[in-house]
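Could you use the hints to bring the two separately framed chains together as a complex?
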Amino acid sequence: MTALLKVEGLTIGFGKAPPVVNDVSFSVEKGETLALVGESGSGKTLSCRAALRILPAAAQIRAGSVTLAGENGPLNLMDLSERRMCDIRGNRVSMIFQEPMRSLSPLHRIGNQVIEVLRLHGEDNGRDAKKRVLDTFDRVGFKDPERIYRSYPFELSGGMRQRAMIAMAIVGKPDLLIADEPTTALDVTTQAQVLGLIKDIQKDTGMAVVLVTHDLGVVANMADRVTVMNRGRVMEAGTAQQILGDPQHGYTRDLFAAAPKIPEATEDKALDADRDFILQMKNVSKTYTLKGSAPWHPKTHVYAVRGIEFGVERGKTLAVVGESGSGKTTCARMALGAERADPGASILFKPDTHAEAVDLQHLNNAERLDFQRNAQMVFQDPYSTLNPRMRVKEALCEPMDIHGIGTAAERTDRAVEMLRWVGLSENMLTRYPHAFSGGQRQRLSIARALMLGPTFLVCDEPTSALDVSVQEQVLQLLEEIRDQMNLSYLFISHDLAVVARIADEVAVMRGGLVVEQGPPEALFYDPKHPYTRALLAAQPEPDINRPIDLNVVSQGAGDPSTWPEQFRFDGQHAPPLTETGPGHMVRFYD
Amino acid sequence: MAMIRFAIFRLITMLATLLVVSVLVFTIINLPPGDYLSNQINELRATGQQSGIAKAEFLRQEYALDRPLWEQYLIWMGFAPGPNGFAGMLQGEFGWSFEFDRPVSEIVGGALWLTVLVNLAAILFVYAVALPLGVLAAARAKTWVDYTSAFVGYLGLATPNFLLALILFYYGNRYLNLPIGGLMDPKFEGQPMSFEKMMSVLVHLIIPTFVIGTSGAAAMMQRLRANLLDELGKPYVETARAKGMSESRMLVKYPLRVAFNPFVADIGTLLPAMVSGSVLVSVVLGLQTIGPVLLTSLKSQDQFLSAFVLMFVALLTLIGTLVSDLLLALLDPRIRFGGRS
Numbered sequence: 001m002t003a004l005l006k007v008e009g010l011t012i013g014f015g016k017a018p019p020v021v022n023d024v025s026f027s028v029e030k031g032e033t034l035a036l037v038g039e040s041g042s043g044k045t046l047s048c049r050a051a052l053r054i055l056p057a058a059a060q061i062r063a064g065s066v067t068l069a070g071e072n073g074p075l076n077l078m079d080l081s082e083r084r085m086c087d088i089r090g091n092r093v094s095m096i097f098q099e100p101m102r103s104l105s106p107l108h109r110i111g112n113q114v115i116e117v118l119r120l121h122g123e124d125n126g127r128d129a130k131k132r133v134l135d136t137f138d139r140v141g142f143k144d145p146e147r148i149y150r151s152y153p154f155e156l157s158g159g160m161r162q163r164a165m166i167a168m169a170i171v172g173k174p175d176l177l178i179a180d181e182p183t184t185a186l187d188v189t190t191q192a193q194v195l196g197l198i199k200d201i202q203k204d205t206g207m208a209v210v211l212v213t214h215d216l217g218v219v220a221n222m223a224d225r226v227t228v229m230n231r232g233r234v235m236e237a238g239t240a241q242q243i244l245g246d247p248q249h250g251y252t253r254d255l256f257a258a259a260p261k262i263p264e265a266t267e268d269k270a271l272d273a274d275r276d277f278i279l280q281m282k283n284v285s286k287t288y289t290l291k292g293s294a295p296w297h298p299k300t301h302v303y304a305v306r307g308i309e310f311g312v313e314r315g316k317t318l319a320v321v322g323e324s325g326s327g328k329t330t331c332a333r334m335a336l337g338a339e340r341a342d343p344g345a346s347i348l349f350k351p352d353t354h355a356e357a358v359d360l361q362h363l364n365n366a367e368r369l370d371f372q373r374n375a376q377m378v379f380q381d382p383y384s385t386l387n388p389r390m391r392v393k394e395a396l397c398e399p400m401d402i403h404g405i406g407t408a409a410e411r412t413d414r415a416v417e418m419l420r421w422v423g424l425s426e427n428m429l430t431r432y433p434h435a436f437s438g439g440q441r442q443r444l445s446i447a448r449a450l451m452l453g454p455t456f457l458v459c460d461e462p463t464s465a466l467d468v469s470v471q472e473q474v475l476q477l478l479e480e481i482r483d484q485m486n487l488s489y490l491f492i493s494h495d496l497a498v499v500a501r502i503a504d505e506v507a508v509m510r511g512g513l514v515v516e517q518g519p520p521e522a523l524f525y526d527p528k529h530p531y532t533r534a535l536l537a538a539q540p541e542p543d544i545n546r547p548i549d550l551n552v553v554s555q556g557a558g559d560p561s562t563w564p565e566q567f568r569f570d571g572q573h574a575p576p577l578t579e580t581g582p583g584h585m586v587r588f589y590d
Numbered sequence: 001m002a003m004i005r006f007a008i009f010r011l012i013t014m015l016a017t018l019l020v021v022s023v024l025v026f027t028i029i030n031l032p033p034g035d036y037l038s039n040q041i042n043e044l045r046a047t048g049q050q051s052g053i054a055k056a057e058f059l060r061q062e063y064a065l066d067r068p069l070w071e072q073y074l075i076w077m078g079f080a081p082g083p084n085g086f087a088g089m090l091q092g093e094f095g096w097s098f099e100f101d102r103p104v105s106e107i108v109g110g111a112l113w114l115t116v117l118v119n120l121a122a123i124l125f126v127y128a129v130a131l132p133l134g135v136l137a138a139a140r141a142k143t144w145v146d147y148t149s150a151f152v153g154y155l156g157l158a159t160p161n162f163l164l165a166l167i168l169f170y171y172g173n174r175y176l177n178l179p180i181g182g183l184m185d186p187k188f189e190g191q192p193m194s195f196e197k198m199m200s201v202l203v204h205l206i207i208p209t210f211v212i213g214t215s216g217a218a219a220m221m222q223r224l225r226a227n228l229l230d231e232l233g234k235p236y237v238e239t240a241r242a243k244g245m246s247e248s249r250m251l252v253k254y255p256l257r258v259a260f261n262p263f264v265a266d267i268g269t270l271l272p273a274m275v276s277g278s279v280l281v282s283v284v285l286g287l288q289t290i291g292p293v294l295l296t297s298l299k300s301q302d303q304f305l306s307a308f309v310l311m312f313v314a315l316l317t318l319i320g321t322l323v324s325d326l327l328l329a330l331l332d333p334r335i336r337f338g339g340r341s
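The listed protein sequences derive, respectively, from chains A and B. So for the first sequence, this note's numbering puts the first residue at 1; every next one is plus one. So for the second sequence, this note's numbering puts the first residue at 1; every next one is plus one.
Bound-form chain B, shown alone (with noise of 0.2 Å):
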């Protein structure tokens, strides 16, 4: 019951919070002088083409830029009629990408679950990867196990994203016969899903994923050795042992459940930080995710596409941190009896 509230609480306060950013995000994306089409429109002036300069005065009226910018914000979320009456975010009307020529919605619409698959598997790979090592790494501290997977950890940290991306490329098409870039084979884009398009997508995911994934599996690695060894200096692993647990056992069901904490706490950073970091990793790798879109759109001030992304990342972000702060309630009771004693 308790839970239940917690979880509602937190709800509304994530929903206040997506209020903020959407303002932050409307703000910062409007900061710079001038818009996509008035820049069209300068452009166009200058080389003397009347024809598109009234196409982009139409769209300007349509989507209200001509208006001032906390309207122009109220119309973009869908809390003020636009032109077009209520068409905003809320209504699911993700606005028109100028860049592109096409609505938000149809650039973004199959990119954005390649992004979240893309990264979940990255997710998976750091949790997968840095809990049995940094285990490891602890429980045989200071020995050749410790040192050997720091220095391997080491070197993910050091070797920048898209050098081992090639590298891996390269290696892995030659020995494994890897497919190099892309997400799928060209054949399956377009097609409905099958079984042999979710092969092709699995075996076009290994290499992405571990690209994205190395260096946050190695610096959650470091993380989780540390916080273990800390842990394990601890009275109450003394009082284990002297019960009589197996050195094994009391590892596991003590310091490692404390030593969990920051580990599940780290959902939520990790999930935008991946996003943002396998920008450069999906323009390299051709990877059909939002991270090459975000950057276009960026660079050109196309303003409802970068807000679009921007403002899906966020809900990421939010949704992450939402996620690992249920899951640390449930996991402490510390945390879940916090305003009880």
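Just chain A, with the same shape it has in the complex (with noise of 0.2 Å):
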């Protein structure tokens, strides 16, 4: 069997420097599916995107040849001219991207995006064109063809878009789709759909897939072969159950040692009867209030948050975990009294043991100053939340700085000892953040959080904008100094793995309600709610023998009003939260 795309000694560079690709070569065959895994400036992107000439205009194509298998033998696609590799785009070889919610262009309709394919390839012969385009929705999922060929992309949720992209790549019946990170950027339920629709799609037409993944769990569920690529080399190549099962390359290893996994043993850790809260929250609520399109239109109410009830622990970790729109982040902005609750709520804070409890609802100024010091915020995205004009001195000693702490010189013998806290050292000081990795940045912006001396930290997913090998470190830093400073953790996430490591208790939330609640050794071994089972379903193992279970997760992932009887939520009825075993809450009608 001849391969479909040949990749063959690739090498790519930009400018003088030296290449980021260096000598890469893979291969797929018809109906196979090839992922190319690798952690950001692997050079897997830009390997995949070599093959189709897309490349970004500084980027040269140093050595190396791209063959495409076609009716009348191969072509080498370094030499085609442009106006041939146009028509291979789109027609023979397809692509999607990460990002579902800007690879649209929002300002024409979904139809028009995708019926543009058939068109630019001369398949365009009237009626039948749209058709084929409606029975393509149809075929991704949606359930009304006709309305999304009319709507724009912004009308469309994130997973919605990504199955418009699909669309869009398998219209013209492809023989290749190279799909590039496609559900990176998705919730976990969500992306197990979307996997689930690529393979079934694949198993249709025989099409071959190549997917640039840096997810191993991913890997495990979708691919026959694997090739591995780090810092523009590959690593190791073979087959999934090769490489999957016993890797061979010292790095193939290290990956999979960080891979995010539940883990496997059960311990029951009792829950104290006598439990000391950091911070409360009780029959806490959010709504936020839209003006309508035009000023005599009626207001409509989002209800972000309904009826929470829960408390971080003293130097313990709350994990919080649900989809976008679940209302995880609106909690995280409470707790920081950064965001008021409706009228009725009582969130309780307490520094220490033996000190009295302010409500954050009702400070006064000087309350409110006080709390700032003792509550701080670790951001999700590393390379937004420092200002790229500040040294890394400025940025630390800001806080103390804002709150008169300290002379200039105990400011910065404070910011280097955070420095050193954090893994970093002293001469980075002077520094300005581009001169940082995403896993340093955001350890900077861990020992900013920590240069007032907090007791309570709020981590709005400190993680998920990090590499995997990187994400395991900063976990780990954040488990030490929790531990040796005795903070108190609210961990905002979307990912069970993750919060499987570092949490002590875990509220998983749904449309502004928590669903399930309890310690992780209870909701992982033995949720009840099915959209707790359908998120730990849904999430990716690296292990071939353990494949996403889509059942699971379409009955637990779709709109509440469709679970089974007792769990259901209808507009503003849901059932109550029972407690189903020690510290284990579930929303169920008994």
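The hints are simulated quantities; they were obtained by calculation from the structure and are not laboratory data. Computed from a predicted model, the values in this text were never measured in an experiment. Cβ atoms here follow ideal geometry from the backbone N, Cα and C, with glycine treated the same way. Keep in mind that a hint or two might mislead.
Derived PhoX-like pairs: lysine-lysine, alpha-carbon spacing no greater than 25 Å straight-line [as the list claims (entries may be wrong)]:
| id | chain 1 | residue 1 | chain 2 | residue 2 |
| --- | --- | --- | --- | --- |
| 1 | B | K253 | A | K173 |
| 2 | B | K253 | A | K131 |
| 3 | A | K130 | B | K253 |
| 4 | B | K142 | A | K16 |
Okay, the calculated beta carbon distance ranges per label pair [claimed, not checked]:
| id | chain 1 | residue 1 | chain 2 | residue 2 | range |
| --- | --- | --- | --- | --- | --- |
| 5 | B | V323 | A | F14 | 44 to 52 Å |
| 6 | B | V252 | A | H301 | 39 to 47 Å |
| 7 | B | P262 | A | N387 | 24 to 32 Å |
| 8 | B | V323 | A | H301 | 34 to 42 Å |
| 9 | A | R340 | B | R223 | 35 to 43 Å |
| 10 | A | P74 | B | P262 | 41 to 49 Å |
What follows is the structure, encoded as structure tokens:
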């Protein structure tokens, strides 16, 4: 069997710098899935874009060949004219991208953007073309293809947009689909469904897939063969069975070790009866009022958070898990006093065991200032949370500056101490943020949060923008400082595997409500709620023998009104949160 | 349907804005102490010319300048009856120019249309030049095409308009036999519109259009280039390439369409900038537009004339904004459906 796409000795560089992709070779056969695995900067994206010759203008292909099997023998894609290359793109080889939010033009209707593929490749014969597009929409799981055809991208959710992208990629019936991190920007449950969809389509049409990803779990679920890349070179290549079952190369093993997993072992930690909460939220709701499109239209209400009841125990971590729009970030903002909850709520904060609790809903100025010293935040995106024009020293000293603490020398000393805590060195004080990698920036952002000597940290998805191996290190750091400084965390995440590692208690949120809450052991090994089950089932495991069970995912991940009767939400009416085990609460009708 | 509702809504806000502007204009004009007539009366008293004083006093009463300011405003706008009943802006009575001793409408009449004509021509010129050059500069970014157009553009921005006007007049007249000054041949002035008169106006328009439009075109070209370059880096451009679109077709259909928004939004600000920016040019070139009139009337506190001109400029601005808002809503579904999601 001859390869459909064969890349040999590919070397790509920018300007005069050493190549960023170095002597990379891989091939895909008809109907097969090849996974290109690596962390950011490994050159995996450049390599697959080189196959379609859509590289950034500054990149030069220095050596190598790309051959695509054609009807009349193999085609060397490097030698084709730009015009003939356009015939290949979208027709024989199509591509989907990482960010469905930005990969569709915001100003054109979905139908227009999809049917364009057929028009470009001369397959548009009037009514047939539209029918073909509608059939494709149906195929990718849109319930009302006609409506999607007329919709604009901003009217669809991320998952729907990625489905539209897939429709666009397969409508021309390509021989090869290149998927560049197609699910990285999506929620786990959506990711599972999109991956399942790609697999199904592949089964139907027999197209080959090149899947670019950093997630070994995704690889285990999708790939027939795997090529592992690091720093522009191929580290290891082989069948999925070989690579995932018995990785040979050290780098692959490291990747495996770093991949977050839901732990196997069960040890029941009983919750103390008399718990010492640093932050306790009772009856907390948040309703946003949206103006109508015109002054005379009625206002609409968005119930972002409804009736939250939980507390962060001193020296422990409470994790709040949910997909985008579940209300978890609103929770975090209220816990920091950055957002005021609806009247009737109480959010009590107790800086130490014997201190008087203050209610964040009713702070006076002195109390607020005091609270702000005690509660700090670590943000999601380490690239945008550090001012690019401020040196590390200024960024670190700023909180103390604002609170008027210490002399300049004392502030610098404190900054040095904190840098050591997070594993960076003193001589980095005078650098600017751009000199740091993503992981180092997240360390800086943690150091900044620690400057005021807080007792309580809110971590809003602190690792989701980082590579797996770096993610592991940052989690470890967070655990260490928590234990040594006796900090308490409210940890917001969409990733159950990350949470499994660090949390002492987990609350799963959906649609502004906590659907299940309890110690991680109870939640992971005895999940009661269909949504928690769906989240767990959707979590891709780097184990080829444990594929995602899409049935479980679709049962729980759908709209809350489609859940089994016992659990169903119906508009404003939701079942009560009921205790089913020690500290284990589930929202259902008993 | 939604579009019509939006248009009506915008029209209502525009009228409300115009009302606020009228208050502001009136206040600002009356901020300096005295008015044209009281200045004149003082001057006449000093030189002892009694007959003139009587006429000035009569005018003061006729135009209610002896009343409190708020009453003057209401009478000027036509909200309240003056000495001659309701005779304000709303009734189409624009008042009397003391400086020229003629009704405002008579002085301004012809100049209004010429102003609109000159500025529309300049705006068309701006768009006609900026669009292709901006797109070209972005598509061929960092090549000699880009650098040359940027260089010419900066020259256009940096050269004072009146200087450019003088230079162009000289060379235009010498080599191309273009007329100097004015907006038409003197023999057509006051004549009814005819083909010859139109041709004469068009020939006279060439240099003013170029002079008034150059800096605007240069600035807009740079803005379009920057916007387009931003858009070219967006993922949807890559999607379009991966579909197999040719570069030029892709450029026009996707990024240009998105980069068009600020381009269209500029209409609103361009119009007033042109009108006020062309005052000096109009003086230098001897164009019979409203610019020189505004200048004289402001200098001599000729309040009805200057108020009318300012209101006219404000109206142009608001119409410009209205047009650009409606165009934006037509162009961009996100704005059109803004309130829906």
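Against the structure, the hints come out as follows:
1. The suggested pairing of K253 of chain B with K173 of chain A holds, with an alpha-carbon distance near 24 Å, which does not exceed 25 Å.
2. Annotation: proposed proximity of K253 of chain B to K131 of chain A holds, straight-line Cα distance about 23 Å (limit 25 Å).
3. For the proposed pair K130 of chain A and K253 of chain B, the alpha carbon gap of about 20 Å is at most 25 Å, so the pair holds.
4. Only pairs whose Cα atoms come within 25 Å are accepted, and K142 of chain B paired with K16 of chain A is accepted, the gap being roughly 18 Å.
5. Taking 44 to 52 Å as the suggested C-beta distance range, the pair V323 of chain B and F14 of chain A conforms, at roughly 45 Å.
6. Between V252 of chain B and H301 of chain A the beta carbons are some 43 Å apart, a value that agrees with the proposed interval 39 to 47 Å.
7. Checked against the given bound of 24 to 32 Å, the beta carbons of P262 of chain B and N387 of chain A, roughly 27 Å apart, stay inside it.
8. As the Cβ distance of V323 of chain B to H301 of chain A is approximately 36 Å, the hint placing it in 34 to 42 Å holds.
9. Taken as a hint, the range 35 to 43 Å holds for the pair R340 of chain A and R223 of chain B, whose Cβ atoms sit roughly 41 Å apart.
10. At about 47 Å, the CB distance of P74 of chain A to P262 of chain B agrees with the hint of 41 to 49 Å.
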